[in-house]
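> If you want the building blocks of each chain, they are given just below.
There are 2 protein chains.
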Amino acid sequence: MASLNVKDLPRPAPKALAGAIEALAARFGNRLVTSQAVREQHAHTTTWLRRQPPDAVVMAQETKDIQDVVRICAKHRVPVIAFGTGTSLEGQVNAPAGGVCIDLRDMNRVLSVHAEDLDCVIEPGVTRKALNEYLRDQGLFFPIDPGADASIGGMASTRASGTNAVRYGTIRDNVLALKVVRGDGEIISTGTRARKSSAGYDLTHLFIGAEGTLGIISEITLKLRGIPETMAAAACSFATVEDACKATILAIQTGIPVARIELLNAAQVHACNLYSKLTLPETPLLLLEFHGTEAEVAAQSQSFAEIANDCDARGFEWTTRPEDRTRLWQARHDAYWAARALRPGTEALTSDVCVPISRLAECVVETERDLEAIGMASPIVGHVGDGNFHVLLFCDVNDADEIRRVEGFLDRLVRRALAMDGTCTGEHGIGQGKQKYLETELGPEAVAAMRALKAALDPQNIFNPGKIVPVD
Amino acid sequence: MASLNVKDLPRPAPKALAGAIEALAARFGNRLVTSQAVREQHAHTTTWLRRQPPDAVVMAQETKDIQDVVRICAKHRVPVIAFGTGTSLEGQVNAPAGGVCIDLRDMNRVLSVHAEDLDCVIEPGVTRKALNEYLRDQGLFFPIDPGADASIGGMASTRASGTNAVRYGTIRDNVLALKVVRGDGEIISTGTRARKSSAGYDLTHLFIGAEGTLGIISEITLKLRGIPETMAAAACSFATVEDACKATILAIQTGIPVARIELLNAAQVHACNLYSKLTLPETPLLLLEFHGTEAEVAAQSQSFAEIANDCDARGFEWTTRPEDRTRLWQARHDAYWAARALRPGTEALTSDVCVPISRLAECVVETERDLEAIGMASPIVGHVGDGNFHVLLFCDVNDADEIRRVEGFLDRLVRRALAMDGTCTGEHGIGQGKQKYLETELGPEAVAAMRALKAALDPQNIFNPGKIVPVD
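Protein chains in written order, with the numbering used here: chain A, 52 to 523; chain B, 52 to 523.
Calculated directly from the structure, the hints in this document are not laboratory data. Please read these numbers as outputs of a predicted model, since none were measured by experiment. Please note that the accuracy of each hint is not assured.
Just so you know, same-sequence chains aren't split out, so a pair can sit in one copy or run between any two.
What the hints assert, rightly or not - Derived DSS-like pairs (lysine-lysine); straight-line CA-CA distance at most 30 Å:
#	residue 1	residue 2
1	K274	K297
2	K66	K115
3	K487	K274
4	K115	K126
5	K180	K328
Work out the full structure, taking the sequences as your base and the hints as a guide.
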């Protein structure tokens, strides 16, 4: 029952905690919040994991605030947990050892945009939608779209990706440099605005995906793209998941630069039909987006149509009209809420795995069979160009039997992906929920290396303790 | 004089070294080589740095060999230096503290190719040309091309890139996973064949660019691409470096997916004309390559021709015929030898920096002026789509005054790039030659973090000591 019942860890001595909170109150006044409701909110995650609220929340407004919180907490050896929008899925913002949450939502300034260099420098609380709003007039955009309007600091910390990754890469491929507040409150600068560098160890990529366990990101330099001249959407139904995956593999192999290619299984299409009042055939569906000049987009969709046809697609609908694009993609954007509406009142949790694309069909089909066997017709959506997919599960957390069935399923899902040379998480991260699989996936040597890195950069173990590789 | 006169570091105790070599001789027989000539060869770098040969060389044939060398050396606290093809440029294979070189050239097997997944698993001694030869029949290629036929283990270790990076990324973007032999001879596995993962700290990218200072890479999983249907080459002369850079910026901003876009300055074109018997106008030249379908390539080159015209280009020549492509690119491929032929008999060294593309013209023009001021009309070639360029310098190392002038120039080159928010090396690495700039570029906090990482993963300091961040 490890997934659901997260462990509490040893808390700071009451006197140490009181000392830290007193110092924080003196420094931050009413920007230090200790009310039950606010603490609970900051332990909220879109998961079934039990909430473990921090002892206090500081609303940070600038880098100096992060530095001071870290210095005060380090002095008293109290944990520090960074918080963006709380949309993480594996318990990344829980506080199993208590401590102080730094809420970064007000650090939401775009510090500079360099249009000629296609980059910008931002604070970590900027959300992806706010950034794209800001950039639109300059004809630029930031392509990473994990669905939720997450903060970019949070996306960097969980190594997020999403629907556009097949063309534009994950956040890992789109961060040029970071500033990170380390344990003594000083700032590590990991890079410059140069597009590439061979100068020393790759600190940028070490902090990306570290879930705030090695320091707090205070500034991010991002790569940007020019907004494509034309965007077209397409939808295509298939008789089987295998056919849909085969079409995906052929598209990737042929080198069609699809911007998005998303699989919805029959259960998800059913949920979307109900929720969004659509009449899509309730069979596996691929939703696609093409970006480029008008001619490029036409050529791409023509090439894909031929592939789809060879893979026995049932119709291929495509459009460049914005309103039709929106209509087609609405189902995908609402997929999570549509799925949740299938069984209101229960906890919903989503888990993700990622496998080499040649194994994807097999992995999805076996997963569907497994769902059938436990009596759950759960929706599956996949960023299939990357071999990454999500299962949304429902669980009545008062029903011990259902909990057991869901946990058994999650365990088999991960082991199935690992057996196919895949990973236990393509984009949600390890957090608390997937710690037990890290060693299964990479072996004890990799986990030992991760522990050594954690000890090297956070010797006091104050940064988000109990995540990724807990230190005893 | 730090660049030229590399420091010797404390060597292992003679008894320890003798013990290690005795154990290695017993294990490896005539695959352990201690002759002066072979040791000298393994300290050879294409640079002016003084050679610091290892005490012995082991010709490794399989992973077990690397493990055994590391175990024996660790037991006796003797340094271990990995060697691929010896084409590194900043003294990465020198042995300033002596020790044992592991020559990986015979670990050159392609272990598996997964065409559907566009990936392969190889040993570190496979060279990029050998790999592409191997893949060609399957319609696949590995796009990273640093010029030299380097080993892919070496390319991973120096975080190499080259002419194709503007479209396909650097080696960093094209490695999915590594196996790395750690200090006790056990193997760290950093990832799976999944296209993306959020599972724990990014060990893969920590070892990429670590120059063998954190462990020895024994296996590499690479991303591959389908060979494009059509490739076209183009050449375009400009009156000024500014015009050439302006055209480059516009091409990148417009989103033309150029596969290569290389700048040759007038001095380099002059060298190429002499060496390759060409009659190119001796003004700044852009060489381009376009990849895609026939229609895509035609559209890309048409778009670029319009941009070039707006930037006062003097003629735009393009072709899809293989023999014409070869002719156009021959000049670029021979650039290094053409440049060296300008002043035979002297040492030649090449240094690289990388700046945001908006500062590139300014940086190249100031560098050209600096070269004039020290009386050297040195060739410059640039991967200008990335803002990265190289200067080739000649130096009579018996002329103290010339050494001083060259060292002064190199210092100003790096400081100029850093002042423009660039990096002291885009793709050659830190090695020994650029250590003094790491702190100037990133600050003492980043260097302290790097030292902490080195101590965490190589507590005995046996892996390539004296490189990147020397430990006292």
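> Now tell me, hint by hint, if it's right for this structure.
Verification of the hints:
no., hint, verdict
1, K274 with K297, "between (32 Å within a copy, 19 Å between copies)"
2, K66 with K115, "within (25 Å within a copy, 54 Å between copies)"
3, K487 with K274, "between (34 Å within a copy, 28 Å between copies)"
4, K115 with K126, "within (16 Å within a copy, 47 Å between copies)"
5, K180 with K328, "within (26 Å within a copy, 55 Å between copies)"
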